Each structure stands twice: as structure tokens, then as C-alpha cells.
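K.L.:
Here's the letter readout for the chains.
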Amino acid sequence: MNDEILRVEGLRKEFPGVVALDGVDFTLRAGEVHVLLGENGAGKSTLIKMLSGAYHPDGGRILVDGAPVEIRTASDAQRLGIATIYQEFNLVPQLTVGENLALGRPPRRFGFVDTRRMHEQAGDLLRRVGVDVDPRTPVAKLGIARMQMVEIAKALGLNARVLIMDEPTAVLTTTEVERLFDIVRQLRDQGVAIVFITHHLEEIPQIGDRVTVLRDGSSVAEVPATTPEDELVRLMVGRPIDQQYPREPAAPGGPLLQVRGLRREGEFADVSFEVRAGEVVGLAGLVGAGRTEVARSIFGADAYDSGEVLVNGSPLARGDVHAAMEAGLGLVPEDRKGQGLVLGADVGENLGLVTLRRASRGGFVDRPGQRRAAAEVARQLGVRMSGLGQEVRTLSGGNQQKIVIGKWLLAEASVLILDEPTRGVDVGAKVEIYQLINSLTASGHAVLMISSDLPEILGMSDRVLVMARGRLVGELAAGEATQDSVMALAVTEVEDARVH
Amino acid sequence: MLVSTNVLQRKPPGRKPPAAVWLGENGALVALVVLAVALSLLSGDFLTVTNLLNVGVQAAVTAILAFGATFVIITGGIDLSVGSVAALSAIVLAWTATDAGLPWPLATVIALAVGLACGLVNAALIAYGKLPPFIATLAMLGVARGLALVISQGSPIAMPEAVSHLGDTIGDYLPVPVVVMLIMGLITAVILSRTYSGRAMYAIGGNEEAARLSGINVNRQKLITYALAGLFAAVAGIVLASRLASAQPQAAAGYELDAIAAVVIGGASLSGGKGRAFGTFVGALILAVLRNGLNLLSVSAFWQQVVIGVVIALAVLLDTLRRRGTN
Numbered sequence: 001m002n003d004e005i006l007r008v009e010g011l012r013k014e015f016p017g018v019v020a021l022d023g024v025d026f027t028l029r030a031g032e033v034h035v036l037l038g039e040n041g042a043g044k045s046t047l048i049k050m051l052s053g054a055y056h057p058d059g060g061r062i063l064v065d066g067a068p069v070e071i072r073t074a075s076d077a078q079r080l081g082i083a084t085i086y087q088e089f090n091l092v093p094q095l096t097v098g099e100n101l102a103l104g105r106p107p108r109r110f111g112f113v114d115t116r117r118m119h120e121q122a123g124d125l126l127r128r129v130g131v132d133v134d135p136r137t138p139v140a141k142l143g144i145a146r147m148q149m150v151e152i153a154k155a156l157g158l159n160a161r162v163l164i165m166d167e168p169t170a171v172l173t174t175t176e177v178e179r180l181f182d183i184v185r186q187l188r189d190q191g192v193a194i195v196f197i198t199h200h201l202e203e204i205p206q207i208g209d210r211v212t213v214l215r216d217g218s219s220v221a222e223v224p225a226t227t228p229e230d231e232l233v234r235l236m237v238g239r240p241i242d243q244q245y246p247r248e249p250a251a252p253g254g255p256l257l258q259v260r261g262l263r264r265e266g267e268f269a270d271v272s273f274e275v276r277a278g279e280v281v282g283l284a285g286l287v288g289a290g291r292t293e294v295a296r297s298i299f300g301a302d303a304y305d306s307g308e309v310l311v312n313g314s315p316l317a318r319g320d321v322h323a324a325m326e327a328g329l330g331l332v333p334e335d336r337k338g339q340g341l342v343l344g345a346d347v348g349e350n351l352g353l354v355t356l357r358r359a360s361r362g363g364f365v366d367r368p369g370q371r372r373a374a375a376e377v378a379r380q381l382g383v384r385m386s387g388l389g390q391e392v393r394t395l396s397g398g399n400q401q402k403i404v405i406g407k408w409l410l411a412e413a414s415v416l417i418l419d420e421p422t423r424g425v426d427v428g429a430k431v432e433i434y435q436l437i438n439s440l441t442a443s444g445h446a447v448l449m450i451s452s453d454l455p456e457i458l459g460m461s462d463r464v465l466v467m468a469r470g471r472l473v474g475e476l477a478a479g480e481a482t483q484d485s486v487m488a489l490a491v492t493e494v495e496d497a498r499v500h
Numbered sequence: 001m002l003v004s005t006n007v008l009q010r011k012p013p014g015r016k017p018p019a020a021v022w023l024g025e026n027g028a029l030v031a032l033v034v035l036a037v038a039l040s041l042l043s044g045d046f047l048t049v050t051n052l053l054n055v056g057v058q059a060a061v062t063a064i065l066a067f068g069a070t071f072v073i074i075t076g077g078i079d080l081s082v083g084s085v086a087a088l089s090a091i092v093l094a095w096t097a098t099d100a101g102l103p104w105p106l107a108t109v110i111a112l113a114v115g116l117a118c119g120l121v122n123a124a125l126i127a128y129g130k131l132p133p134f135i136a137t138l139a140m141l142g143v144a145r146g147l148a149l150v151i152s153q154g155s156p157i158a159m160p161e162a163v164s165h166l167g168d169t170i171g172d173y174l175p176v177p178v179v180v181m182l183i184m185g186l187i188t189a190v191i192l193s194r195t196y197s198g199r200a201m202y203a204i205g206g207n208e209e210a211a212r213l214s215g216i217n218v219n220r221q222k223l224i225t226y227a228l229a230g231l232f233a234a235v236a237g238i239v240l241a242s243r244l245a246s247a248q249p250q251a252a253a254g255y256e257l258d259a260i261a262a263v264v265i266g267g268a269s270l271s272g273g274k275g276r277a278f279g280t281f282v283g284a285l286i287l288a289v290l291r292n293g294l295n296l297l298s299v300s301a302f303w304q305q306v307v308i309g310v311v312i313a314l315a316v317l318l319d320t321l322r323r324r325g326t327n
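Chains A and B, in that order, give the protein sequences. First residue of the first sequence? That's 1 in the numbering used here, and the numbers climb one at a time after it. First residue of the second sequence? That's 1 in the numbering used here, and the numbers climb one at a time after it.
If a hint is listed, it holds; no wrong ones were tucked in.
FRET-style restraints, in silico, Cβ to Cβ:
no.: 1; chain 1: A; residue 1: H322; chain 2: B; residue 2: A38; range: 46 to 56 Å
no.: 2; chain 1: B; residue 1: S298; chain 2: A; residue 2: P93; range: 51 to 61 Å
no.: 3; chain 1: A; residue 1: I144; chain 2: B; residue 2: V30; range: 49 to 59 Å
no.: 4; chain 1: B; residue 1: A38; chain 2: A; residue 2: A303; range: 56 to 66 Å
no.: 5; chain 1: B; residue 1: A113; chain 2: A; residue 2: T115; range: 57 to 67 Å
no.: 6; chain 1: A; residue 1: G369; chain 2: B; residue 2: A124; range: 31 to 41 Å
Since the hints were made in silico from the structure, they are not lab data. None of these values were measured; they are calculated from a predicted model. Here a beta-carbon is modelled for each residue, glycine too, at the ideal position from N, C-alpha and C.
Whenever a hint applies, use it, and build me the whole structure from the sequences.
P.N.:
Spelled out as C-alpha cells, the structure:
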């Protein structure tokens with residue numbers, strides 16, 4: 001019996017300036033959990049976006065039940081029985097669970113929505129997933145774990161035979177992960193084929209049957225889920241880790257950034273640490289642990305309730321980006337496109353954004369000076385562009401990130417907060433960014449680096465801080481930090497500083 | 001080997017011939033030239049010095065309002081109140097100079113201050129009250145018009161003699177409104193391209209959060225932006241009243257829509273981050289030439305509205321198609 005549902009052959013996808021996928025082969029059988037493994041930027045998201053109709057491949061083919069298919073839109077995917085659960089849920093928070101499950105195709109009676117039947121059908125689906133939620137509850141009132149269950153129920157409601165789950169465990173606690181695994185196993189036994197993406201290697205033997213490893217846009221191996229972790233890491237990284245993370249520790253100087261007892265109601269509490277000159281301090285933790293919130297509060301982008309921030313020994317005014325900037329802080333935000341760049345403006349304009357005020361005399365900007373400085377820093381960073389006049393929208397992720405960092409170099413920031421600095425950046429540009437971090441710390445700058453990429457945290461940090469549920473739960477020296485020790489801290493059950 | 005294949009496979013960014021780029025960026029100017037050529041073929045009266053200066057005078061008030069609206073639209077906002085603010089400023093000038101008996105220079109300063117203040121109130125509601133610009137300025141549209149009616153008790157007030165010269169001509173030919181329009185246009189161009197506030201406006205319109213995280217005081221820049229729009233509206237109102245020699249409480253009603261149309265025809269995007277003083281100038285001229293031409297061709301005023309509506313839709317449609325082509 002041929003139980004292969006989905007087959008991907010030689011899939012290729014190019015974006016302007018970068019090849020995201022080149023030669024991906026992948027097969028999926030009914031009733032299996034197939035783990036998709038790879039570093040950030042290896043091409044996992046691109047692959048699942050092509051299976052769900054968000055992107056269209058430039059080469060290769062996708063077969064469903066042995067027949068080649070074109071998945072041009074989300075509804076094509078739906079018709080083929082492919083459902084995807086992204087990290088960002090596709091639920092309407094204001095509507096009830098039942099309304100969400102019936103979204104776009106509610107049961108009707110005389111042309112009106114048959115609310116009673118809608119909630120009955122929702123109840124059936126929820127029971128199938130084994131989740132105890134009243135279909136009349138607004139989705140906004142559910143916690144993350146239950147929202148995820150609702151997403152799964154929604155996929156089943158669409159008669160999905162293929163369920164793609166993008167890092168479903170990233171936002172869950174240990175007990176919630178167990179619940180999720182139970183549901184996934186149950187679905188598998190019902191014959192649903194599941195594509196499971198995770199960064200947590202220890203989950204693979206627990207939940208997976210087979211593993212396909214992606215590296216730099218290609219599938220490099222297909223192995224059983226029982227493969228030892230170090231072998232999986234070797235396949236994933238494909239090169240010694242010290243070469244991938246070329247950290248050159250500098251002699252630490254005095255503290256440049258001191259954070260004392262920082263607290264914001266419902267977000268984080270008791271956050272105290274310091275970053276010394278010449279140091280890279282990594283801030284690890286699960287998504288939603290409060291790392292970004294702390295970073296933004298330090299920088300003044302958001303307010304905080306109590307505590308203090310000192311830069312170079314002087315206290316910093318609360319909630320004042322301009323003051324933070326003047327004191328020498330710089331923030332490279334996690335959402336590069338949404339918060340870091342003016343996408344429609346050109347490279348020169350973006351590079352000069354932070355120094356705009358400093359380059360002004362009596363309200364008039366020294367634009368030639370700004371242009372010269374921008375050209376110099378773009379050259380220094382090796383930004384690949386046609387010229388300063390190129391719109392940043394058309395640059396690759398790595399080059400865009402260099403520009404966000406570059407504007408803070410121009411501003412001569414002494415403490416840089418990098419929030420997910422290499423997310424969506426290709427491997428070559430990643431190493432360039434790491435080398436940039438090295439040269440910054442070598443010249444006495446301090447770097448606070450938030451990253452969900454554990455190998456990156458381990459490879460680039462001189463010290464690792466770990467946050468869980470809005471609190472700092474531990475600090476590890478570079479020598480003692482391992483994937484396991486960091487993860488153990490990241491999932492620590494502490495009193496939650498966040499209120500749900 | 002650390003260089004990934006991705007780096008090696010990078011494609012050089014596509015480049016278009018300079019002429020195509022120029023045409024793409026100056027579509028409005030091309031349209032204006034085509035329109036002018038067509039009208040001069042259709043009507044012998046179009047291409048005369050007198051008529052062209054007449055077009056300039058007709059364009060002046062819209063253009064000055066539109067220059068002010070350009071600042072606002074570049075930040076991604078909208079100002080619906082400029083027509084009302086123009087009328088209020090002119091009424092205040094005329095009333096303080098005649099009924100209150102203040103000297104005309106002082107009355108003029110007060111009138112400009114009123115325009116500025118209206119803009120600041122708009123900005124305060126938007127920046128600190130977090131009202132959508134549409135709502136804040138819609139409220140001001142009503143308030144300013146109402147105040148103009150209250151102060152004037154609904155009747156026109158004569159403009160002071162000295163200020164009315166703004167409606168005259170220099171020598172035999174050059175109308176003062178045209179001169180004022182050109183000066184305001186130059187000021188707009190300089191502010192947008194050379195000043196901190198101008199550059200900040202583009203950044204805010206392009207990505208407000210990125211601008212804020214780059215240390216730009218977004219609220220303060222919005223105050224400046226709407227204050228400029230109010231100030232420009234006051235100038236437009238005074239020019240309009242000078243041409244008519246009297247300030248009228250119902251003057252410039254609906255002009256805010258012409259101003260917005262001029263800005264958009266000139267290539268600005270209502271979603272912010274794009275726009276130029278020269279584009280706005282051309283946009284205002286297109287509207288004026290179109291009205292003038294349709295008059296010369298004896299097209300009824302009713303049909304004129306239809307034609308202008310179609311032109312606005314076409315201009316923005318072409319611009320959207322062009323953008324879609326380049327992205």
C-alpha cells in the first residue's frame with residue numbers, strides 16, 4: 001500500500017538577491033510525524049509557505065497523492081487538505097471559538113447564521129482534539145496553549161490530511177507540550193500526516209518518526225527520529241560550530257549598562273544585570289519570556305513601572321528614546337521591517353535616520369555630510385547595493401540588517417541592544433554580523449544580544465542570561481552554558497511575573 | 001569556506017534607463033504638458049499670456065493650501081480643515097483690522113497665528129489625544145467654519161486696503177497671488193528637502209515606529225507638520241480674500257479636497273512617506289488648467305466636476321499601476 005501523501009522534488013525559490021531554497025526533497029506519509037529540522041534561515045519557513053500557497057516555487061515540483069499540483073493560494077492548499085499552523089495564530093481574537101472554527105463558512109439557515117449548529121459542530125471538533133473549551137468563549141480569553149488547540153481543531157474542520165506545525169512547542173510550558181504531544185500522536189493514529197518543526201532536539205525522538213534536515217536551502221539528509229542529537233546537530237550545522245560563531249572575547253572593562261530591579265506590571269519583574277565594555281551578554285529564553293519587553297524598556301521605547309537603568313554610570317530617563325540615544329544606547333529591534341527600517345526610503349536616508357538631528361544646524365540638515373557618512377559606513381559594513389539611492393525594501397535580509405546596525409554605528413552608540421540580530425539573515429551575512437559584533441567589542445563597545453537561536457547565543461556570548469516568565473532565572477558563564485543548561489533554565493517553573 | 005552559495009548567486013539589481021525613471025517620477029508633469037498642448041490646439045484663447053496668468057491666479061489658493069497639505073500627507077496624515085481654517089484666518093484679519101480697529105500688520109500677524117493655532121490643535125488631538133487625523137481635522141473643519149460665521153455674523157467683511165494689494169498685479173502683468181504661490185512653494189521645497197523636520201516627516205510617514213526608535217520625537221514633529229498646514233491655510237485664506245477684496249465666512253469651502261487631490265496627483269501617497277513640493281505644484285496646475293480649459297471649451301460647470309473626478313481617479317490609478325510594475 002502506498003501511503004505517501006505528499007512529495008516535494010527539487011524545490012527551488014529565489015527572492016531578489018538571494019536563493020532561499022535550492023533542491024529540497026521531502027516525502028510525507030499518512031500517519032507519520034515528520035520533523036523538519038534546520039537552523040534559522042535554512043529554508044524551513046520558505047518550504048512550508050510554498051506548501052501552504054503563500055509562495056510559489058521557481059523550480060521543482062510538489063506532488064499530492066502522486067499527482068503534480070500547483071498551490072497558488074491558501075484555498076488551493078485547503079482544497080488539497082493541507083493546513084498550516086503558524087507561530088502567529090490565524091484567529092480573530094474578538095470572535096468566539098465557534099465563530100473562529102466556522103470562519104468564512106458558517107452553517108446557515110434561511111440565509112442567517114445558524115449559531116446553535118455552529119457551536120455544536122465546534123464542540124465536536126474540539127472534542128476530537130480533546131480540548132475542554134466552551135465554543136462560546138471569545139478566543140481572546142484563551143491562553144496560548146488553548147489557542148493552539150483551537151487552531152488544530154480549525155485545521156481538522158477543514159478536513160486537513162496534512163497538518164504543518166511551525167514550532168508549536170516554542171511558546172508552551174513543559175506540561176502544555178505533553179498535552180500537545182498527546183494530541184499530535186492521536187491525530188497521527190487517525191492517519192493525519194504531520195510536519196513538525198522544532199528547534200528542541202530532545203523532542204524529536206519523543207514525537208517524530210522521520211527527520212528531514214535542511215541546511216542553507218537544501219535538504220541534506222533524511223534520518224530516523226532516533227538519530228543521536230550530536231549527529232543531528234552535525235547534519236544541521238554542517239561545519240564545526242566554532243567556525244560558524246567566530247567569537248573573539250575582548251578584555252571586559254567597566255560596566256557600561258546597568259539595569260536594576262526593572263519591573264513592569266504584568267510583563268517582567270526583578271530584572272537586574274549589567275553589561276561591561278567589551279562584553280557580549282546573551283539574553284536567552286523562550287518566545288514570550290519577556291526579553292524583548294525588557295530590551296525596549298531599557299531603550300525607552302516603552303515605559304516601565306520601577307527600577308532604574310544606568311548608562312556609563314548615569315541614570316537614564318524613563319521612556320525617552322532620545323535620552324537613551326544621547327546616552328549612547330542603540331536598539332536593533334527584532335522586527336526589522338516593522339520597526340527598524342523605513343522600507344520605502346533609500347539606503348542613505350535609513351542610515352542617516354539616527355544622526356539626522358546631530359547633523360542639523362538651525363533646523364537645516366547637512367545632507368552632503370550625511371551622504372558621505374552613510375557611504376563610508378555602508379562600505380565598512382559591506383552592504384551589497386547598487387548605491388545609496390537604492391530602496392531598502394529591495395535589499396536582502398542580511399543587508400537590511402546591516403543598515404539597521406549601521407545607523408547606530410554612525411550614531412556612535414556605545415551599548416548596542418541587538419534583538420534577534422540574525423533572524424531571516426543568510427549564513428554568509430550572519431558571519432559578517434558576528435564579525436561586526438567582534439570588532440565592536442574589541443573597540444570597547446558593549447553588546448546585549450537577545451536571540452532565540454541557541455547555538456548563536458552559546459557561540460557568541462561571553463555570558464548568558466536566561467529569562468523565563470518575565471524574570472531573570474539564571475546566569476551562565478560562556479564555559480558552562482550548553483543547550484541543555486540554558487533550556488533547563490528557560491523552562492524553569494517560576495512565579496509568573498506576567499498576568500494572564 | 002564560509003561564503004555561502006547564496007552570496008555568490010546574488011543578482012545585480014535591475015536598472016531601468018534614466019528616461020524611464022524620469023518619466024515614472026514626473027508623470028504628473030508629462031500629463032500637464034500633454035493637457036496644455038491639447039488645449040492650445042483645441043482653443044486659440046488658451047495659450048495667451050493673459051489666460052496663463054489667469055490660470056496661475058486660479059491655481060494659487062489651491063496650490064498654497066496643497067503645499068501645506070503636502071507636509072501632512074507625507075507624514076501619512078490628512079488635513080480636512082484647511083479650507084475652513086483659510087476662511088477663519090481671513091475673517092479674523094478683516095474683523096480685527098476693521099471692527100476692532102487694529103493696524104493691518106498686527107491684524108495680519110493675528111490671522112496667521114490663528115491658522116497656526118488651528119493646526120496646533122489638530123496636531124495635539126492627533127499626537128497626544130491619539131485621534132485619527134481624519135476625525136481630528138474633520139472636527140476642526142466644522143469648528144473653524146463655525147467660528148468664521150460667528151465672528152462675521154455670516155456676512156462678508158471688507159479687507160483692509162493695504163492687505164488687498166495681495167490680490168493685485170505687479171506692473172501690468174504679474175499677479176501677486178502667483179508670486180505668493182511660488183514663494184510658498186519654494187519654502188515647502190526647502191523645508192522638505194533641507195530641514196530636520198522635513199526629513200523627519202518622510203521617516204514618520206514611511207514607518208512611524210522606526211522613526212520613533214531612531215530618536216525622532218514623533219509627536220513634536222507632528223505638531224510642526226500640522227502647524228505648517230494651518231499657517232499655509234491662513235496665507236491661502238488671506239490671498240483669496242485679497243483677490244475678492246473681502247473676507248467671506250463661506251470662502252474656500254471644499255478647497256481641502258482640491259488641495260488633497262493636487263498633492264495626490266503630484267505623486268504623493270496617502271499612506272505616507274512620499275511626496276514633493278514640485279509634484280504638488282504640478283498637481284495644482286493640472287486642476288487649474290483643466291478647469292480653465294473646460295471653461296474655454298464651454299463645458300458646463302456640472303460636467304467639469306465629472307471630468308475632474310475622473311482625472312483624479314486616473315492619476316492615482318496610473319500611479320498605483322506604475323508602483324505595482326516596479327515592485
